[in-house]
Amino acid sequence: MIEMENISKVYRMGEISLEALKEVSLRIEPAEFISIMGPSGSGKSTLLNIIGCLDTPTAGSYFLEEKNVAGLGFDQLSTIRNRKIGFVFQNFNLLPYATTYENIELPMLFNGRTGKKRRQRVLELLEMVGLVDWQHHRPSELSGGQQQRVAIARALANDPSLILADEPTGNLDSKTGEEIMGLFVELQKQGRTILMVTHDNNIAAYSQRTIRLLDGRVI
Amino acid sequence: MRAQLLRYFSKELRKRKKKTALITFAITWGTLSILLLMSFGRGLSNSFRISFKGLGDNLIMVYRGQTSKDYHGLPKGRRIMIYPGDIALLSALIPEIELISPESNDYFTITGGGRETNRNVCGVGPAFGVMRSMIAESGGRFINEEDELAARRVAFIGWNMAENLFPAEIPIGKTIVISRVPFTVIGVMKRKLQSSSYQGFDADHAYIPHSTFSRIHTQLYIDRIHVQPKRREDNQLVERRIREILGRKYRFDPEDDYALGIWNTIEDAEVAGKAFKGIEIFLALIGGLTLLIGAVGVTNLMYALVKERTREIGIKMALGARRRHIILQFLLETVIIFSKGTFWGTAIAYAIVRLTRLVPISYELSGIQTYLLRPIFSLDILIVFVVVLGILVFLSGIFPAVRASRLNPVEALRYE
Chain A
1 MIEMENISKV YRMGEISLEA LKEVSLRIEP AEFISIMGPS GSGKSTLLNI IGCLDTPTAG
61 SYFLEEKNVA GLGFDQLSTI RNRKIGFVFQ NFNLLPYATT YENIELPMLF NGRTGKKRRQ
121 RVLELLEMVG LVDWQHHRPS ELSGGQQQRV AIARALANDP SLILADEPTG NLDSKTGEEI
181 MGLFVELQKQ GRTILMVTHD NNIAAYSQRT IRLLDGRVI
Chain B
1 MRAQLLRYFS KELRKRKKKT ALITFAITWG TLSILLLMSF GRGLSNSFRI SFKGLGDNLI
61 MVYRGQTSKD YHGLPKGRRI MIYPGDIALL SALIPEIELI SPESNDYFTI TGGGRETNRN
121 VCGVGPAFGV MRSMIAESGG RFINEEDELA ARRVAFIGWN MAENLFPAEI PIGKTIVISR
181 VPFTVIGVMK RKLQSSSYQG FDADHAYIPH STFSRIHTQL YIDRIHVQPK RREDNQLVER
241 RIREILGRKY RFDPEDDYAL GIWNTIEDAE VAGKAFKGIE IFLALIGGLT LLIGAVGVTN
301 LMYALVKERT REIGIKMALG ARRRHIILQF LLETVIIFSK GTFWGTAIAY AIVRLTRLVP
361 ISYELSGIQT YLLRPIFSLD ILIVFVVVLG ILVFLSGIFP AVRASRLNPV EALRYE
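Chains A and B supply the protein sequences, listed in that same order.
Here the first sequence is numbered in our numbering, starting from 1 and rising by one per residue.
Here the second sequence is numbered in our numbering, starting from 1 and rising by one per residue.
Mixed in with the good hints there might be a few duds.
Subject to a maximum C-alpha distance of 20 Å in a straight line, what follows is the list of computed EDC-like cross-link-like pairs (lysine to aspartate or glutamate) [claimed, not checked]:
(1) B/K15 - A/E141
(2) B/K18 - A/D215
(3) B/K192 - B/D57
Listed below are several chain B residues computed to face chain A (Cβ distance under 7 Å; list not exhaustive) [unchecked claim]:
(4) Q4
(5) E12
(6) K15
(7) R16
(8) I315
For the record, the hints were derived by calculation from the structure and aren't laboratory data.
Yeah, the Cβ is synthetic: ideal placement off N, Cα and C, and Gly gets one too.
Based on the provided sequences and hints, a complete structural model is requested.
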C-alpha cells in the first residue's frame, strides 16, 4: 500500500533550516490499522502530510499503491487526495456554511460524480454514520462527536483505500472517542488502510501496529 | 460536472451573503453614483443645447452700426442704417442664404381682453418664426406671405402675453389693440427653452407682419436682419458676404467690424458646444477616477475575503480541489457580486432619472431646475460603464483568486 524509502523533509526559514524528517523508511500493507505516536515536534504531522500528498518530501521516494508520488504536480496530487485518500482532522475541518449533506457531497463534486449517484452515496454514508436526520444542519448545530462523524462520512465519499486521521479523538470526550474508534475498526474491516496520529495510548490500542517517531526518525 | 460545482459554489455564496454584503453595496453605490453623475451631466448639457436653440437655430443677426474707419474719403463715425430693400438684395446676391427676414420693434401699449400692457411689438417676415424656433400652439399659426403682402392686421403673441391678456380664454380670434389699431390674434407661441435674448424674451412679445409694422410706426429703416444659411458651415462665408455687399451699397470698409453689428449665433453655439463637451469629458474623468478608487477598494475587500477563508481553501484542497477549482470559485463569486451590484445600481439610477424627469419644470429662464431636472439615462453610457467596471472588477477578482489557489494546503489548514 505505502512504500517509503529514505524520506527527508527540511523546512527552510531564512538562514535556519529544520529537519523535520530524517531518512524515514516505511512499509504499510493494505488493510492495516496503524497508529503513529511520538512527542510534539517529532515529525508525526509532517509524515502524515507527506503520506496524504498535502506536502512533498525534500528527498526520498514514495510509492502509493505502486504509483510514484514524488515529483507530481499540485493538480495530480489533488486528484490522488480526492480519489485515494480520506482525511479526518482533530478539529473536524468542516465547511461552516455548508450543511451536513453538502459537506459530505463536496469531494464527489471535485471528482465529477453525477447527480444521481452522488445523492445515493451521500444518503448511504449518512445512514452509515447515523446522521440521516441531521443532513440539513450546519456544523455549528452539531455536537463534536456528530461533527467528527460527518468528517468521516466526507472522508469516505469517493471510497478511498487510505484513511488518514490526525488526532481524531483529540477534541472529543472519551466515550465519544470510543464511538469514533468503533467506526474506524469498522472501516478497517471493509479493507481500508488506516493511519492515525495520536497521543493517547488507549486510542492507539485500537490499532494493530504502532509506529513511534522521535526527532524525525522512526524508532 | 463544472455546472454542478458552479451550483455548489453559488449556493455557498448565498449562505455567506452577509459577508459579501459590503462589497455588493460598494459596487451598487459606485454604479449608482457614477451613472447619476453621467446622466445628470448629459441632461445638463442637453438642456443647455436646447435652450441655446431657443433664440434660434443657425441664426445670424445683422444690426445697424457706426463706422470706425475712414473709407474712400468718408470719415469714421457715420451711422450705417439698413433698409427693407436690403433683404431682397442680400437674398439675390448670396445663394448660400436659406431664410431671411427683417425685424423692427418698439414698445407699444397693447390692450386686449379688457387688460392693458406695455410690450415689445416686432414687425417680422414669414421666415422669422422658423428661424427663431417659434411654434404655434394648436389652432393657431405664424405670420405668412399673404399677411406680409397685404399688410394684414394680424398678431402672433408670446405665451406670457397670452396669459396676461387672456388668462381664462383662448386668445386666437380675439382682438388686441396696438397703438390704437386693432389686430386679430392668429397664433400663440408654444413654450420653449430660451437662454439668450435681446430686449426681453420671446414669451413677452407680439409679432406682426413687417409691412403692417411700417404703417403704424414711422421708421424707414429696419432694426435687424435675420439670416439663416443653408449649411451651418457657411456661416462665416455668409457673414463676410453680407459685409461686402452692404459695404458696397452704403460705402463702408467690409473689414470694419463696427459698421454693422453681426451676432453670429452659429459661432456661439459651436463654442458653447465645445464647453458642453468639455463638461461631459470632465464628468467622465471624475467618474473614471471614482471607478479606479472603487476598484482598489473592491480588491482590498476581495483580499480580505480570501484571507478570511484560508482554512476553508485548505480544506477544499485536502478534499481534492485543483487550483482551477479554487480560482473558479473566487471568480464566480466576483462575477455574481459584480452582476448583483451593477444590476441594483443601474436599476436605482434608472428609477431616479425617470422620477426626476416627472417633476414639472417651468420654462422661465432663470430656474436652475430647468437644467438640472432633465437628466438623460443613455444606453451608451451604461454599456461603457459596465464594460469598464467589469474589467476592473475582473482584475480585482483575479489576483486574490490566483493567490488563493497558490496557497500551501498544509499552511492553509493550520491557519486560524
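Status of the hints after comparison with the structure:
| no. | hint | result |
| --- | --- | --- |
| 1 | B/K15 - A/E141 | 15 Å, holds |
| 2 | B/K18 - A/D215 | 46 Å, violated |
| 3 | B/K192 - B/D57 | 13 Å, holds |
| 4 | Q4 | 6 Å, holds |
| 5 | E12 | 6 Å, holds |
| 6 | K15 | 4 Å, holds |
| 7 | R16 | 6 Å, holds |
| 8 | I315 | 5 Å, holds |
Checked against the numbered hints given earlier, the structure breaks only hint 2 and satisfies all the rest.
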